[in-house]
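J.: Chains A and B supply the protein sequences, listed in that same order. According to my numbering, the first sequence is numbered sequentially starting from 1. According to my numbering, the second sequence is numbered sequentially starting from 284.
Source of the hints: derived by calculation from the structure; they are not laboratory data. Please read all numbers here as calculations on a predicted model, not as lab measurements. Among the hints, erroneous ones may be present.
What the hints assert, rightly or not - Stretch by stretch, here's where chain B covers chain A in the computed footprint (C-beta under 8 Å, at least three residues): (1) 126 to 132; (2) 193 to 201.
What the hints assert, rightly or not - Just some of the chain A residues that point at chain B, by a computed CB distance under 8 Å: (3) L9; (4) L23; (5) F40; (6) T254; (7) I256.
A virtual CB, placed ideally from N, CA and C, is assigned to each residue, including glycine.
Chain residues, written in single-letter form:
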Amino acid sequence: MSPRTLALLVVYTLLIGFAVLTLVPFAWMLTSSFKTKFDFFNSLFLPAGDGLFGVAWDRLTLDNYRRLWLEHGVPRAMLNSFFLASVTSLGATLSAAMGGYALAKFPFPAREWLTTLVLSALIIPAPLLLAPGYQLLFQLGLLDSYAGLFLPAMAPAFGVFLFRQAMLNSVPGELIESARIDGAGEIRIFFTLVIPLVRPMTGAFLMITFLGVWNNFISPQVVLQSPELFPLSVAINNLRGIYGSDYGLIMAGTLISIAPVMCLFLLLQKEFISGLTSGAVKG
Amino acid sequence: MRTSRHALPRVSIRAFPAWAPWFFIAPFLAVFCVFTLWPLGRSLVLSFQQTYGPGTTEFVGFDNFEFMLRDPLFWKAARNTALFTCGSIFLQLPLALGLALLLNRSGIRGRAFFRLVFFSPSLVGLVFVGMLFALVFEKRTGLVNYTLHALIASFDPEFAWLQNYVLISLILAALWLYIGLNMVYFLAALQSVSRDLVEAASIDGANAWQRFRHIVLPEILPVAGLVVLMSIIGSFQLFELPWVLLNNTAGPDNRGLTLVMYLYQTGFLTGDLGYASAVGWVIALALAGIALLHRRTMRRRE
Chain A
1 MSPRTLALLV
11 VYTLLIGFAV
21 LTLVPFAWML
31 TSSFKTKFDF
41 FNSLFLPAGD
51 GLFGVAWDRL
61 TLDNYRRLWL
71 EHGVPRAMLN
81 SFFLASVTSL
91 GATLSAAMGG
101 YALAKFPFPA
111 REWLTTLVLS
121 ALIIPAPLLL
131 APGYQLLFQL
141 GLLDSYAGLF
151 LPAMAPAFGV
161 FLFRQAMLNS
171 VPGELIESAR
181 IDGAGEIRIF
191 FTLVIPLVRP
201 MTGAFLMITF
211 LGVWNNFISP
221 QVVLQSPELF
231 PLSVAINNLR
241 GIYGSDYGLI
251 MAGTLISIAP
261 VMCLFLLLQK
271 EFISGLTSGA
281 VKG
Chain B
284 MRTSRHALPR
294 VSIRAFPAWA
304 PWFFIAPFLA
314 VFCVFTLWPL
324 GRSLVLSFQQ
334 TYGPGTTEFV
344 GFDNFEFMLR
354 DPLFWKAARN
364 TALFTCGSIF
374 LQLPLALGLA
384 LLLNRSGIRG
394 RAFFRLVFFS
404 PSLVGLVFVG
414 MLFALVFEKR
424 TGLVNYTLHA
434 LIASFDPEFA
444 WLQNYVLISL
454 ILAALWLYIG
464 LNMVYFLAAL
474 QSVSRDLVEA
484 ASIDGANAWQ
494 RFRHIVLPEI
504 LPVAGLVVLM
514 SIIGSFQLFE
524 LPWVLLNNTA
534 GPDNRGLTLV
544 MYLYQTGFLT
554 GDLGYASAVG
564 WVIALALAGI
574 ALLHRRTMRR
584 RE
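The shape of chain B in the complex, shown without the other chains (with noise of 0.2 Å):
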């Protein structure tokens, strides 16, 4: 082979016939310009438009958008959003770190196993999440209410739930799901933590919290930071788990009323896909929004 490589001239040993790149790309970009550049397009276009069924359109001007700072319940989801992805970030993700702390530590034996045990929630898709927690949080034979009453008999088994704290639940079920995913990042993060610098600090003295502020979270900084903001994409889009344990509604007076199931129920349920395209864009600017600050905060910590 180095023979016959040495006696053909240097262009055609890396020359590649100019289609074939062509060849390669082109499923892809057929149909990304077909089913995502064109929608794009057409999104923007739409989001001037009030629609009546996928059939019947008019032009609108900026009506869409003026309408949705005037409604109250694109406000309700907008808040509702605002506090799940607080719930998540500020409850999920600090519990999904100590989880991986805690298999981190030298010694512990079954690290697999617990990861393994930690993560399986995360194969099991939305829609049956929901269907199990609409369950698990049911008035007295629901799991939650059935052991809280025989563990404390004061607990009230009527407790609602899924009619006055669907936030809450929302929460826990979302925590569930997500959290042994969020710890196999924390995880691997840590286990990039050389070990040699945290017991030299400790032979320096430091206590564990030192240890952890000084040496172990500068140097998992990066990938929390993409961590969070994984979970504020995700918690922004988050439409099925609610839609689904909620038995396909927005729950009582709308509690568990979302963006994108707000998009879902003026687009299809009510058809008007011009206003649904307006909120999307909303949802879509306010996440490009987030992306920049957090791009502009992790490059000013470094």
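So that you can see chain A by itself, here it is in the shape it has in the complex (with noise of 0.2 Å):
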């Protein structure tokens, strides 16, 4: 064996051990997911019988499932998660592209100032504002709703920031010019022919967006007190304190919680990726 061929081979050793490293806390979940608790007990992965592959296919249950289903209101709280992110995703993602494309397109007087803002707001740490927060939210009347943690995601600066950036470099002003010459309003302007041309990113911050609320689990816990309003990370949670033992349903509460976004990611992985790049040639 060549020493170049001895490389590669422990180049692909160590990438596929890690590589089953990071897959095996999924698998074991999986697994778990079906299996019931003297099962969990008494097998890593699945348990041992005379099935095929020597596993007691027939031991499996979707039992955790179903009781996720049917008793504890798992439903629900999948719907609160998918409303709350794509509301929240949808309105963060327009805030973040008109804030952009103001800083971006009008030389307006108050523009440097308004840039330094968001860019200093970029450094402000999220829990120095979790206490004040909460007060502001009482104050207003807003705590135990969804306004409460829907109308403080409208400010994304990190997203402004982003949009700022594409649209500098991928929508050209003569564009926009001649649209004005045309007799374009400013509004057609921006959804017809802006938004357009920033489409990759637009996709990829409503992906950030989505993926950070739905992940979310401080914001909701602070703010919603009724259990029919909580999204799935503070519902599967909650589940935790009052059947902690019973693994196999934990584990299938954390796996459904968890599968649609990891889906969502992997099937528009492709058009994600060539999308980002597409807008960097274009730029």
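Could you fit the two chains together into a complex? Lean on the hints.
T.: This is the structure we're talking about:
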């Protein structure tokens, strides 16, 4: 074996080893979610038996999922998560795209300090706003409502910054000017001309925000009190307080909480990445 | 279109209605003022007050900050946060760089596949990672102890990760979650390093370490610096992962207490938003200091 082949063999061994270490917790969670309590304690992945590949397939059960679905209000929590994540990501993306457009394409007097304001907002640590933000929501009567989660998310400084960069690069000023000469209104120019030119960034930011809201735990935990409003992150964590030793149930709950966003990302990954690169080429 | 452009006077070509930029920035600006700037100012005022729930307050001057200096729980939280940060920087980031270097070797097949696999945990929310790893580190039945006991008979299956080795468990869970994300940054930086330059050095007789040290490292240093800074910022804001991992507690003897967890406990469980805000400002000032230090070091390097 030549030294080059040997080196390649070592590299592949390391890469595959690490890939296995990364995937094993997922596999363990998946198999655990199909097992009874007894089998959870007595087998690591799948229970041994006489079936195909020496696995007792007939001992696997959908009971954990059935109970989550019928007894623990998981469909409601999942709808809540979908609703919150969709509405928030749409609103935040619109607000970010509009703000970025104003800073990138309008040479108006306040542009300089507004840009500085957005940049300095990037370094404010989120936990600092937790206590006074809670107090403000209390004073505005927005505690225990989706408005209390939705409204504060409408000022994404990071998003404004990203869209500003994207629009500086890929929206030619001449195009906007000639649209104005042709008599198009400002709002129409924004939606029919500017937004299509930054489609890759729009898609990327929608996804980032959706993922962030879906996975957010601390804000809904602090703001919401009514169980029927809880998103999956809070609902599944609360479930653990009551059914803490019901490991299969917890794993099934965790799995159905992460599966939708994982699928979404894997499905959109190709378009997402090709969109990003085409945007870069256009600029 | 060209003729109409020439027919119009120059001024009106560039002109946009004065309200237009303000209209577009308005949603961001309004929400930003109400839900970021106002609370930011409030938190400064609050940090000089003592509060009982969100309703009643009392001005106490610097008492909150003085109390913090003598508060053993605050120092415990600070110590835990600092140790976790060190774990991220000195364990996770070198491993992420190592993985990126392996993936960046010429002739590696399935690069996109490996990148996707390593990246996939970053899609899982902190709260779900916490729930998963609470069971992974469980005594006897957990993935780690079960496997280690099966491989090494002398390994104690009752090994109490989440009782006695809280910070190590936390660092390992965060490693699984974030290593792929950091690897993606390093890989992007490595891919911009000229292969010709590395090959030329190789022909000139430079060994792998010399090539890395003198050609690759200087090139990726700006990105590496940024990754380190982001890791520090992320580590300082650590809350959800340990909170959920330790079943909505700070762990036995507060072994998993972090600064933001302490902020949450004092503000929302004890109900003293004033003290919580004071803790928040200390975190913010520490981060600002680190960011300044980082900028200075990176500038001196250039």
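J.: Does the interface hint hold: is A:T254 within less than 8 Å of chain B, judged Cβ to Cβ?
T.: 5 Å, holds
J.: Between the region 193 to 201 of chain A and chain B, are there enough contacts, at least three residues with CB-CB distance under 8 Å, for the coverage claim to hold?
T.: violated (count 0)
J.: Let me know if the C-beta of A:F40 comes in closer than 8 Å to any C-beta of chain B, holds or violated.
T.: 7 Å, holds
J.: For the region 126 to 132 of chain A, count the residues whose Cβ lies under 8 Å from any Cβ of chain B; is that count three or more?
T.: holds (count 7)
J.: Close enough to count: is the Cβ of A:I256 nearer than 8 Å to one in chain B?
T.: For A:I256, the interface hint is violated, since the closest Cβ of chain B sits about 10 Å away, which is over 8 Å.
J.: Does the nearest C-beta of chain B fall within a distance shorter than 8 Å of the C-beta of A:L23?
T.: Given a least distance of 6 Å, the restraint on A:L23 holds.
J.: Does the interface hint hold: is A:L9 within less than 8 Å of chain B, judged Cβ to Cβ?
T.: 12 Å, violated
In terms of the numbered hints stated before, the structure departs from hints 2, 3 and 7, listed from lowest to highest.
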